[in-house]
Amino acid sequence: MALTKAEMAEKLFEELGLNKREAKELVEMFFEEVRGALENGRQVKLSGFGNFNLRDKKERPGRNPKTGEEIPITARRVVTFHPGQKLKARVEAYAGSREQQ
Amino acid sequence: MTKSELIEILAQRQKHLTYKDVEFAVKTIIEQMAQTLAVGERIEIRGFGSFSLHFRPPRTGRNPKTGESVPLEGKYVPHFKPGKELRERVNSSVDIPITDS
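Going down the list, the sequences are from chains X and G. Quick note: the first sequence, position 88, residue 88 per the numbering used here, numbers continuous. Quick note: the second sequence, position 61, residue 61 per the numbering used here, numbers continuous.
No lab work stands behind these hints: they were computed from the structure. Where hints are given, some of them may not hold.
Derived DSS-like pairs (lysine-lysine); straight-line CA-CA distance at most 27 angstroms [as the list claims (entries may be wrong)]:
1. X/LYS58 to G/LYS81
2. G/LYS15 to X/LYS88
3. X/LYS45 to X/LYS58
These figures come from a predicted structure and were not determined experimentally.
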């Protein structure tokens, strides 16, 4: 089961004593602020988790995979995520524990 | 934007919550996300994106100092796939310069 906003709100309700509406609103605002920052060209660094960076890509040649027709892939701005050292180490530890099973 | 700037912004927008509450909430959200990936589960946030683990197969590395071959075990690394809304909003702002602040 994947983690969703509903479960995050539930956790804030349990651990912080926010009421359910407040908890839901705060989780929503958390992601909206990150989106808003990225939309405004601001890269986001969340220590203990990772960085959301922006990259401007030039136009490049592409192809419609169905028809084989050549269509340029237009220039665009994309988001990339770079996990921090701490998160990478925690995830690798999970891989290690699985190998021992 | 850093984690502490995110906390500031959310605290200003949620006047009925104390700064401490918002700080605890943001740290709780980030820790829950990191912990989810640390146990090998996915995160799915509609309109933002999804986080999952990708497997990197074992390979032979090299000690850059001695040139000696070193076997490296396979490992899991966190991966982020931006959601449709985030992709579209980020791409709509190619004219805005990218900043770290």
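>> Hint compliance check: list the failing hint numbers for this structure, sorted ascending.
In response: 2
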